[in-house]
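Asks: With the hints as constraints, model all of the structure from the sequences given.
Heads up: the protein sequence lines correspond to chains A and B, in order. Residue numbers for the first sequence follow this note's numbering, beginning at 1 and rising by one. Residue numbers for the second sequence follow this note's numbering, beginning at 1 and rising by one.
Warning: the hint list may mix true and false statements.
Heads up, simulated DSSO-like pairs for lysine-lysine below, C-alpha to C-alpha not over 30 Å straight-line [what the hints assert, rightly or not]:
hint: 1; chain 1: A; residue 1: Lys-125; chain 2: B; residue 2: Lys-162
hint: 2; chain 1: A; residue 1: Lys-162; chain 2: A; residue 2: Lys-98
hint: 3; chain 1: A; residue 1: Lys-161; chain 2: B; residue 2: Lys-161
If you are wondering where the hints come from, they were derived from the structure by calculation, not from laboratory data. A quick note: this is a predicted structure, and the numbers were derived from the prediction, not measured.
Number of protein chains: 2
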Amino acid sequence: MTISMFQASVPVFIRALNNLAGILEKGAAHAKAHKIDEAVLLNSRLFPDMFPLVRQVQIATDTARSGAARLAGVEFPAYEDNETTFAALAARIHNTVKFLETLQSTQIDGSEDRTISWQSRSSTKSMQGQPYLFNHLLPNVHFHVTTAYNILRHNGIEVGKKDFLGT
Amino acid sequence: MTISMFQASVPVFIRALNNLAGILEKGAAHAKAHKIDEAVLLNSRLFPDMFPLVRQVQIATDTARSGAARLAGVEFPAYEDNETTFAALAARIHNTVKFLETLQSTQIDGSEDRTISWQSRSSTKSMQGQPYLFNHLLPNVHFHVTTAYNILRHNGIEVGKKDFLGT
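Replies: Written as structure tokens, this is what we have:
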């Protein structure tokens with residue numbers, strides 16, 4: 001086994017997103033069982049100026065998709081941010097995983113020294129591939145998956161650390 | 001630049017923990033400014049059966065310290081879980097970072113194929129080094145730092161994504 005930029009990114013993102021899909025499934029089942037409008041959970045947040053659940057999932061998928069594509073030097077599909085149901089969020093995650101599965105290790109390996117540039121809301125940013133992955137992408141993907149988990153947990157959905165880590 | 005088990009673990013943990021220390025500093029400053037008993041924030045949680053802030057910080061430091069030590073094949077110091085102030089949590093993080101700084105790349109590089117075994121509450125677990133790092137340690141450290149952040153955010157402390165990611 002060798003450790004490489006591909007091994008440290010694509011399979012890690014896929015795992016985190018599949019775990020997120022499982023967590024959201026439990027949220028959907030809870031909403032159904034307790035006759036809660038799904039929109040209530042999707043728009044739930046931990047503080048008024050924090051993003052709600054739906055946005056956490058959108059950002060988690062965006063970060064994984066755009067980040068892995070930038071490491072590979074390929075274009076990535078844009079998604080509309082228009083999900084209003086758990087099923088639509090599940091489809092977004094599914095599509096993201098399908099896209100990630102198209103990326104090859106030959107495209108991403110060696111990207112540790114490549115300069116990755118991207119447009120943020122306010123400016124053009126650039127980082128070397130290795131700090132981009134370890135200081136930006138991985139913490140960000142985990143941050144938004146964890147915050148989605150915490151929002152559901154805060155609303156009484158019975159998810160646990162095993163759902164977050166996967167088995 | 002090369003990507004290695006050391007590069008993917010020790011500096012990433014140190015960065016996450018230093019960012020956590022900065023987030024907690026803002027929590028301490030908020031408590032002081034608003035005359036809030038620090039114990040209220042340290043014992044705050046997002047749901048009754050979730051761990052409070054103090055425990056999130058303890059687990060984040062434990063995971064980084066024990067995980068990096070296991071990858072390096074060295075013993076790690078045990079800490080008492082007795083913090084009751086932000087200053088004590090800052091000291092715990094500081095001590096953890098100091099310990100991590102003693103670990104050498106020569107001890108950790110190559111651990112991707114090593115079998116890592118540890119005792120959980122209920123059983124002896126073992127994983128290969130690479131999945132241990134990418135599927136267990138990194139998500140766990142990020143999970144507990146994010147949840148500490150979310151608990152403070154939920155209590156109105158003005159921290160933002162930049163505090164989590166560092167600069």
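Asks: Hints first: check each against the structure and report whether it holds.
Replies: A quick look at each hint next to the structure:
A threshold of 30 Å between alpha carbons decides the hint, and for Lys-125/A with Lys-162/B the separation of about 14 Å falls inside it, so the pair holds. For a cut-off of 30 Å, the pair hint linking Lys-162/A to Lys-98/A stands: about 23 Å separates their Cα positions. With a CA separation close to 23 Å, the supplied pair Lys-161/A and Lys-161/B stays within the 30 Å bound.
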